[in-house]
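Student: Sequence:
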Amino acid sequence: MRAAKLQVDSELHLHDLSPDVETTLTVIVGERVRQYRLAAGLSQEALCVSLGLSRPSLANAERGRHVLSLAHLLRASFALTIELHELLPDRAALGLPPLVSLDELGPRDLAVARELLGGRRGC
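Numbering of the sequence shown is given in the working numbering, commencing with residue 1 and proceeding in unit increments.
Keep in mind the hints are simulated off the structure, nothing from the lab. Being a predicted model, the structure only gives us computed values, none of them experimental. Hints may contain errors.
[To be verified] Label-pair ranges, simulated between beta-carbon atoms:
| # | residue 1 | residue 2 | range |
| --- | --- | --- | --- |
| 1 | Ala39 | Ala93 | 16 to 24 Å |
| 2 | Arg114 | Leu74 | 28 to 36 Å |
| 3 | Gly106 | Thr81 | 41 to 49 Å |
| 4 | Thr23 | Ser50 | 22 to 30 Å |
The C-beta atom is built at its ideal place from N, Cα and C for all residues, glycine as well.
Could you build all of it, start to finish, from the sequences and the hints given here?
Tutor: Here you go:
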């Protein structure tokens, strides 16, 4: 059933991310880029060529001081021959609440989910 795959998180919206969560995200992504780069045997200079970044920008990203764009992360995943999601932390690592599947909701919460989805029943 398609509804079981739809995830609802009414407690958190993108604009609700705290600076701490953003910092944690930046640090974890940077650490993972560095770990995968080293595992692939690539120098910062070599990865910079693939990413179109300067070495100082990559060094700062690996230290959690520079936010890499989605395009840079996608290029990094190609250069490191990994899936993009491997560079990203899960919600628990960021201290965020877990997602709840619609089929796990009780009637009251399901009604709230339907309202959030604009009253659609076939989702």
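Student: Look at each hint and say if it fits the structure.
Tutor: Here is how each hint holds up against the structure:
no.: 1; hint: Ala39 / Ala93: 16 to 24 Å; in the structure: holds, 19 Å
no.: 2; hint: Arg114 / Leu74: 28 to 36 Å; in the structure: holds, 34 Å
no.: 3; hint: Gly106 / Thr81: 41 to 49 Å; in the structure: holds, 44 Å
no.: 4; hint: Thr23 / Ser50: 22 to 30 Å; in the structure: holds, 26 Å
The structure agrees with every numbered hint stated previously.
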